[in-house]
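Colleague: Sequence:
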Amino acid sequence: MSFARRLTWITAIATLGGLLFGYDTGVTNGALSFMVDYFGLDPLQTGLITFTLLIGAAIGAVGSGSIADRLGRKRSILIMAVLFVVGTLGCVFAPELGVLLFARFVLGLAVGASSTVVPVYLAEVAPPERRGSLVSRNELMLVIGQFLAFLLNAIIGNIWGSNDHVWRYMLAVAVIPALMLVFGMLRMPESPRWLISQGRVDEARAVLESVRPLETARLETEAITTIAEESPGRADVSLREIFATAWLRRLMFLGLGVACFQQLTGVNSVMYYGTQILEQAGFERNAALMFNVLNGVMAVVGVTFAMLMMNRIRRRVFMLTGYIGVTVAHVLIGCVGMLLPEDNTVRPWLLTVLILAFILVMQGCLGPTLFVILAEIFPLKARGIMMGVAFLGLWVMNSIIALVFPPLVATFEFGTFWLFAIIGVIAVTFVAKFLPETRDMSLEQLEESFKSRFSKAH
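Positions 1442 to 1899 (this note's numbering) are the ones given, in order, by the sequence shown.
By construction, these hints were calculated from the structure, which means they are not laboratory data.
Careful: at least some of the hints might be erroneous.
Here are the in silico distance ranges between beta carbons for each label pair [as the list claims (entries may be wrong)]:
{"#": "1", "residue 1": "R1753", "residue 2": "V1866", "range": "25 to 31 Å"}
{"#": "2", "residue 1": "P1536", "residue 2": "D1881", "range": "36 to 42 Å"}
{"#": "3", "residue 1": "W1859", "residue 2": "F1624", "range": "46 to 52 Å"}
C-beta atoms are modelled at their ideal positions from N, C-alpha and C, and glycine is treated no differently.
Please model the complete structure; the sequences and the hints are all you need to start from.
Modeller: Listed below in structure tokens is the structure:
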């Protein structure tokens, strides 16, 4: 098997975690209204359906980061895959709301682990010149998962919408890729960088030689080993050590900032509540389900563009363009939603176009770049736990947005998007001032650069 094919195979299996991440967060978009009818849910209980998954994801993100540093990236992904299977089956066969909420929490643990461990695994296996495009494939699979959720929701909902258990059918689909991930990862290699951090240099060299030319693998093994030897001590680093070390602390706050701002743009208000937003814009339920599929299509188009261009355009340019674009989109959505009367026949169509434009810019710039940057900026011995903390911040913000968005829309209607626009302006300033460029450097070169640059930071 050629090096390129081997890398493609590793990426395809690992990013099934991203596919499940996308499907399990997106399926609620269409299934939720059927769950409300089946269980007779009040607004608080309805919010808990989404909220329990997100809380699980926050815990899974930070917990899996520490586990990945201790047990390895491969084992962590296997544990995550089993949780996907168990959580999905728990949701499908849930006899009551309490069981459903617990199963959603278990799914959340898996989703959070996927957001943390899969990008780290891909970044540590990929060669520097392909790292951006390979890591961004996880985001591509994520939005493909959301698209499949929207599409299958529309198909299943329109065909079996009168069946009381239709929401179970929507959720059950995820069992198939979850089982594929379990059995696929059994044949995948461990991260060579993690192996070297454990002193298993020969095993790491063998992995690199399976995805690189021999001389390249030798030189890369030497470079990784040098970095590992320059950071003596345990193969994992505690949070206390991270916040007590100037350059690690600076990187941690940078990662948290980038992760939190990505959620505060409100992207998941659209991905979770897209059907409800379109209904409020003026479409009927079945029409909203169908048009919501376009959100998934646009996300796939955006991430595909980003994946193709990730190694050609600088990360900072991607991030700045994305935040400026989504800020403009938020302003326009707010203006159309608030200024045009509800009986205006153009209003729902114009809002749909603007929401699609928002998703295109968001997923074409911010979504993939976030995963790539977070997988690049953290040092080898703390990469798992620092990724976990960054994604903990992301999932906490995600949870807050999911919880407050419905009451905000109920109170301010489409004026809510102006609030997102204000946050977007702050995000542009943050990225312009603090985010360094990471393209065209190996992970070891980046680590040395950040250590030198931020060691005297206070």
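Colleague: It remains to establish, for every hint, whether it holds in the given structure.
Modeller: Hint by hint, here is what the structure shows:
no.	hint	verdict
1	R1753 with V1866: 25 to 31 Å	holds (28 Å)
2	P1536 with D1881: 36 to 42 Å	violated (55 Å)
3	W1859 with F1624: 46 to 52 Å	holds (48 Å)
Hint 2 from the list above is the single one not met by this structure.
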